[in-house]
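Visitor: Sequence:
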Amino acid sequence: MMHQPDAEIELALRHDTSEKDRLLASPPPTTLHREPVEYVAIVPYGASTMRLALYVLLCVASGGVLCIVVSWWPQLFTVVARAHGVSMGDADYVLVTGANGEVEEATVYHEDPRFRWFEFKKQRYLYSSAKHKFERVASILHERCGAALHRLETGLTTALVDERTRLFGANTIEIPSAPLHRVLFEKLVHPFYLFQIISVALWLQEEYYTYSMAILGMSLSSILYEVYTQVQNAKQMQALVRCDATVLVVRDSSLQELPAADLVVGDIVDITAGAVAADMVLLMGDCTTDESSLTGEAIPVTKQRLGDHRVHVDDKTLSKSVVLYSGSTVLRTMGRCKGVVLRTSFSTSKGELFRSILFPNDIPFRIVSDSYRYLLALGAIALLTTTQRVYDAIAANSSLYDLLISVFDLISTAIPAALPMILTVGIGFSLTRLQAANIFCIDAQRINVGGHLDCFCFDKTGTLTTETLDFLGVDTCDGSGITDPSANCLMGLAACHGLTETYGAISGYPLEMSMFASTSCSLQMTRHGLLVLRDGSEWLRYRDRFSFDATVQRSSVVVQTDDASLLAFVKGSPEALQDICVPASLPSDFDTIVHQYVCQGYYVLALGHKVFESALPETLKRDDVESDVLFLSFLLFVNPIKPESQWVIETLQAAAIDVRIITGDNALTAVHVAREVGLQLRPHIVLVDVVHDSLQYKMHYGGDKDASISIDMFEVPQQLGVWHRLRDAIVFDALLEQYDVAMTGAALEFVAQDAAFESVLPRLIGDTKIFARVKPQTKTWIVQQLMAQGKYVGMTGDGTNDCGALKAAHVGLALSDAEASIVAPFTSRNKDIGDVVALIQEGRCALTTSLLAFKYMVMYPVIETTLITVINHVQATFSNNQYLFDDLVVVLGLSVLMLRTGPSPILTRARPPDSLFAPAVLGSIAGQTALFGVFFALPLWLAHSQDWFCALPDVASGRKVCFAYQPDESGDMTVHAHEVSIIWTTGHLQYLLLAIAFNLKDAFRKSVWTNRSFVLYTFGMTLLLSYIVLAPESDLNIKWLDLTTPLPQAFSRQVFGIFVLNAVAAVACEAGVRKWTTQ
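Numbering of the sequence shown is given in full-length UniProt numbering, commencing with residue 1 and proceeding in unit increments.
Calculated directly from the structure, the hints in this document are not laboratory data. There is no bait here: all hints are sound.
Label-pair distances were calculated between CB atoms; the ranges are:
no., residue 1, residue 2, range
1, Glu758, Ile198, 47 to 57 Å
2, Gln946, Ala654, 56 to 66 Å
3, Asp478, Lys831, 34 to 44 Å
Owing to the predicted nature of the structure, the values given are computational and were not obtained by experimental measurement. Here a beta-carbon is modelled for each residue, glycine too, at the ideal position from N, C-alpha and C.
Taking the hints into account, I'd like the entire structure generated from these sequences.
Guide: Take a look at the structure:
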C-alpha cells in the first residue's frame, strides 16, 4: 500500500530535478513503500543504567538462575533492565511480539534525528511522527521510467546516495550467526538437558558414578552434535548469500566501480556479464540471464529494455522480461546495457526467498506439547510421593540430609532424566538408516513428523519428469501423421526460437534446443547479429526477434535468407496460431488433430510463416509480424516421465496420502504429467486462469490416461478450450463439486485478493490437486495454507525456487545437493523421488518408535517410583548396585536396543497416533499400569501370609528376629529386608515384560525378530532375571546385588510363575488395545 512520506522522510528522498524531471516524475520521484507489518504488538522502552545494574545484581544474587530464566522468556530482561513509561517516539528499545508468538527486543536507532527505526525479521520499521507509530518500509524504487531514463548519464548525487543508505541500509543479505558459546549455552539451559545436568550432579554426590557418567556422556554427545549442525548450517547459508562483486555505477555524472553493497534504489548501473547484485529494471540494451538459482529452471532468459516513459518503475506492474533479479547471472549483453536499481537487500527477490527460510512459520508439533503434559503428570506423582516420604521421614525421625537425598531420588526417578537421551537415540537410529540410503537430514526432529504426513506436494520439472522436452517431429496435416519437415518447415525449425550462442555453446529452453538439434544446423554470433548456419555456410540472418509472450502464447522471428528474401516464422500454442492464421491455410480438422495428440500425451505447438514482398520499416511492430500467417505444421514434443514417478504417486495414494503438483510450468503440461503419473483425477479437469484481467475457466479432459488414448478422435466436446468467466464463489463451489481443478498462480492470487471469493478460498486450496505457473513465494504460501487447514504436508523439489516451500513444509525433501540441500530439512543425494516413500516409511517407523520409547520411559518412572515409595514407607531403600543394575543393565539396555527395529517396507493406509493422548497410547499405558498394580501387589500379599516373612518394622523394633537388622550409616534406612528382596526382584521383571509387550509387530515397523541385537539382549536378560528369581541364595544375588535376605526357594518359584502370568497378560493387553484402536 502506498502513502505519501512524512515531511522529514520525503526530504531524504528528494533529489534536484529539472522542470523536465518534474513533468516526468509524478508522483514524487521516490516514495516509501509501506508493507504490512509482521508483528502483533510492540511496547516501547527506554534505556536505564540503574535498571540494567539491577538486572546484573539479580543475576549474581540468584547464582545465574535469572540468566537461565531469561533464556526461556527473553521479555523478562526487557521488563527488568529497561525503563518503562516511554512514548513510542522517544523509545530506545521496543519489545516486539511476532505473529508466531515469538518475543524479541529490538534496538531503536536514531543517530540521524530525522529517522527513528528498528529492524525485525530483516525488515526496517520507520517511525511516523504524524501517525505516532512504526511502519514497515521496503527499499523499493517508485518513479516513472522517464525519470530514470533522464538520469542515465548523470546518476544520483553522492548526497542523495548517503541519505538513502542511512534510510534503507547497505545492499547486503546478512545471515545472523550466533557465537559458538551462546549456541552451546542455549542448548545446555534447555529444561530437559538442564534437569539432566542437575540430576547427574546429585547422583555423583551420592557416589552413583557409572550410570551418571553414561547419561552425561550420551547427553553431551547429543548436545555437541546439535551445536555443530546449527553452526555449520549457518556458515553454509552465509556463504550462499555472500556477494563480493563490484558494479559499475553512474554517480555524480561519472562511471564508478563500487562494491555491490553500496548500491541504493535509483542507482544507474552499467550491466555487464556476471552476478546481478540487486533487482534492476533494464533501461538500455538487451541481455540474456540465467535465473536457475531463483526459478530452478536452467534456461537462459532474454531481458528487453523498458521503453515506455510513462510506466511506473515498481514491482507491481512491470513484466518479468524487463527485470533483472538479484541472484541471477547475466550471460551475455547485446549492446551497452544500463539498468536502474529497483530493490536492494532483503527487499529483492533473493532477499525475500531467504527471509522465508530464516523466518518460517512455526510448526507446532502436537507430540512435543503432549510430552510436557505427561511430564506435569509425572511431576504431580513426584509431588505426592515426596509428600508421603516427608511424612514417613518425620515419623521415623530421619536426618534432614537423608530426607533431602531420598526426596531428590524420588523426583529424579518420577521425572526420568534419561528420557531426552532415549528419544534422541531413537531419532539417531533413523538418521543413520536415512544416511545409509543417501538421504541426509539437518533437522532430525522432522523425521518423526514424517510419520504424520497426509498430504505431499511435488514440483514437476526435474522431480516427476526429466528436465527435457524431446522433439518428435512434425505433422503437416496431409494425412501422413508425423513426417519429415518440408523446406519451409525446416527453415522455421531452424529459425523460430530464442536460442543464443555463447562461446560456441548454444543455450536456451530445452524444448527449443531439442527442436533446433533436429535440423543439424548451428548458430553463430557475429558483430552483425546472430546467424543460422547450414553445412557451415550462412543460411539465415536474424532481423527481428519477438520473444515468447505469455499473454498471446506466441513467439516470432523475422529472418533474411541467403537469397535476400525476408520471411517471418511464428510458433506458439495451437489456439494462438489459429487466431492469426489465414483461415484457408488451416486444416479443416484443426481442433480434432490437436485434441487427438493431446490425448496421446504429446506437447503440441503450431508453426506458421509469412513472406514479406516489400521492404520493411526500420522499427517493426509485433502485430505486423504476427498477422495473416500461413499455417505450416504442428510441432510435437514429449516430456519423459521419470520411471519411478508413477510408482511413487500410486504408492502414496494407496496409503491415503493426498498428492498435489505445484509447478512453475504451464497448466496443460502439469495436467498431462498428472495423468501420466497416475494422479487420481475425475473424468474432466477445470483449468482456472486469469485471462484478459478477469478470472476465467475452461474444460480439459483429464481422465484415466489409458482411456484418454482410446477416446474416439471425433468425439470432441463442443465447449473444449472455450474460456468462461468466473464471477462469484457460487460458480466456483459448483465446479469444485463436479470437477478437479488445475489452477495457475495468477488465478490463485486473484482469488486470494478478491473478497467475492473469500468464502471459497479454503476449499479451493484444500481440493485443488494441480497448481501451475506458480511463483516461489506462492509455492510457500500454498504449503502454509494447507498446513493451516490441519494437514501434515510434505514437499519435494529440485530447485532453489522450492526452498521456501521446502522449509515451510512439515517435511521438505530436496532432490539436490545444491542450495536446496542446505535449507531443506532433508536432501536426497540420489535425486530420486522414490526416497519420498522411504522417508515416509522411516518417519512412521521413527514416530512409532518414539511413542514406544515414550510409553516405556513413562512406565519406567511409574514403576520405579512406586517401588521406592513402598520400601521408603518401611524405612528401607535400594542399594546403589540395585539401582545401577535396573537403570543401566535392564532399562537402558532394553530401551536403547528396542529402538533399532527398522521401518516396514509396506506403506499402509493406517498412520501412527498423532498424539500422546491418543486412545492407542493412553489405553496401553493405562492397561499396563493396572496390570503392574495387580501383579506387583500379589507377591507382597502372598508374602505377608507366609510364616517365614518378617516385616521390617517388626525386625527393627525387635518384635521378630528373622534376620539381623542392619541400618545404614545414618541409622535411618536399610537395604537388608524381605520387602527389598520381594519388591526389587518383582519390580525389575516389569521392565523386561514391558519391553517384550511394547515390541509386538505393528504396521509401521519390521518384525522385532529382524532386530537381532534386541532379541539377543532380551533373551539374555530373560535368562539372567530368571536366574536371579530362581536362585535367591546365589553369589550374584548376595554379593553383587545386595539381596542379603534371600527368599525361600518355593516362594521364588511362585514369584516366577506370577511373572510368566504377568508377561502373558501384558502381551494380551497390548494386542487388545491395538485391535480396539485400529477398528
